[in-house]
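From first to last, the protein sequence lines are chains D and G. The working numbering puts the first sequence at residues 1 to 172. The working numbering puts the second sequence at residues 173 to 552.
Honestly, the hints are just simulated from the structure, not real lab data. A few of these clues could be false.
Restraint-style ranges between C-beta atoms, simulated for each label pair [stated by the list, open to error]:
1. Ser251/G / Arg132/D: 36 to 44 Å
2. Cys190/G / Pro93/D: 24 to 32 Å
3. Trp107/D / Ser251/G: 45 to 53 Å
4. Ala268/G / Glu144/D: 50 to 58 Å
5. Arg132/D / Phe303/G: 43 to 51 Å
6. Val63/D / Ser442/G: 44 to 52 Å
No residue lacks a Cβ here, since even glycine has one placed at the ideal position from N, Cα and C.
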Amino acid sequence: MAEETSVPERIVSRQVLAIPQRFSTGPVMGRFLRELRDHKRIMANKCPKCGRHQLPPREVCAVCHVEATGWEELPPEGAIRDFDVVYYASPDPLTGETRQVPYVLCWVDLDGTQGDAPLWHLLNVENLAEVRRGVRVRVVFADERHGTTEDIRHFEIIREEASPGAGTGAES
Amino acid sequence: MANRVAICAVAQTKFEACKRDVRTQGLLWEVVKDVRAQTGLDFGPGGIAGAVTVSDDVFDARTISDGAVTDLVGAHFGSEEKVAADGAQGVYYAAATVLSGHHDVVLLAGHCKESQPASRNMVTHLAFDPFYTRPVGLDYLCAAALQAQAYMARSGVSETQLAEVVVRARQWAARNPVAQETAAVTREEVLASPMIADPIREKFMYPVSDGAIAMILASETHARRLTDKPVWITGLGNCYDSFFLGERDLAGNFALERAAQRAYAMAGVSAPETAFDLAEIADQYAHQLPQYAEGLGLCPEGCGGRWLDEGGPDRQRVNRSGGMIAGNPLILGGLARVAEAVIQLRDEAGERQVAHAQRAVAQGATGPAGQLQTVVVLER
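Same shape as in the complex, but just chain D (with noise of 0.2 Å):
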């Protein structure tokens, strides 16, 4: 009788998840974006007792825990706050896909908010060695909007606009 060796199996069973979803917005999510799709605005609600912004706004104040029923409009512009740059990005389940690398997620604090409001997203930048702290950027919106975060495209750094008076008309 032949002496039986021992070979580790390694067998790999390969399998993919998937369970097709649909979540409600409810009113609180639901306006934000609903006013990104129709209005391009970004829209933080507002604790009604510290007066701190949520952004993306949420039913409650996770600090005061009273209902943040205010709303307030913020500037598509802002300052980096952190940044990195992706060298390795996670594949798609489904598909298999990844984004093309390198790329760029950034946290902004848009323009008259005091760190509350901060909202992320990509910058899209040929240039890497422009990515940094503080440098200022501005939402870029998609054409066609849907109601989701895709319609923000990205963010795109703010270049120095030419001087007033020199009659470009640039900013028509």
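Go by the hints and put chain G onto chain D.
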């Protein structure tokens, strides 16, 4: 129990097939706000010191699903523990938090929107392992059907009897303002409903349901301050059965019997058939009403069919809420049973009130065919 813990407030949303106008956070906030208003409690020192939440990662489509609700339960700067199981386990957790002296006042809050996934069976399919049981198409519905086949054969329960279970459930649900399925049905209508997984017909199943439940649990000193109608948790027990269905006696109640024994020993209950003024059973499927009644000792083992024929559910005042079969989402079925027991023991059940209710038993189950069973004894 040396120390005592009481449920001091309960709030439930109306249970509905699909709450389109609210996201899960809004749903949960409704009941959290309600129990805070009932008790006057705020979060933090002197108020709600900790939270136990109940939610499911796959229904919520995010891992660590409690992360999405910490703002709402005061956990933003505090403590929170999640139960990824039936909310009756959350009652156990919250009670243990109080009895251990960890916190005096605990918020218990659970939510589930079964309407979010395309099919809840796709969710419960994932509760099975990917190698042996998923490939053969198991989900909680199929597991319950296997359980029903085994149980009905052993205990002599007929399809007609199960139809009567549904008819009765609807009659009581009509008197419960939060119940989902309140329209009267006839035995014939139930028996004519489509066969889904033999012997389970459509109307033998609990409906797809959305809802949320919150409670405040507190130590004795605090309970007396928070309410003049504290409901004491006097017994708690739980037990797991084997993960693999083939290793279980699906006709029996291995886990439930042990969970009940543990809860009854703690509460000093020796004759469960007569010990309770009311019982609430998480009957996800119609056959589970008599089966779990056996497991809780409300009737002798193997006698569920006779128990139904002899009016056991009415005599022992079982599921005056309408039961889970009238509609609660998966992980809130047992928590809703505890909620109903509290409402009854507070004498606040209106048209379905059990007169002079002093002691109740509530049961909840998690996993396929009631793998994890939780039993709670409550007294006024």
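When the structure is checked against the list of hints, which entries are broken? Sort them ascending. Structure breaks hint 3 only.
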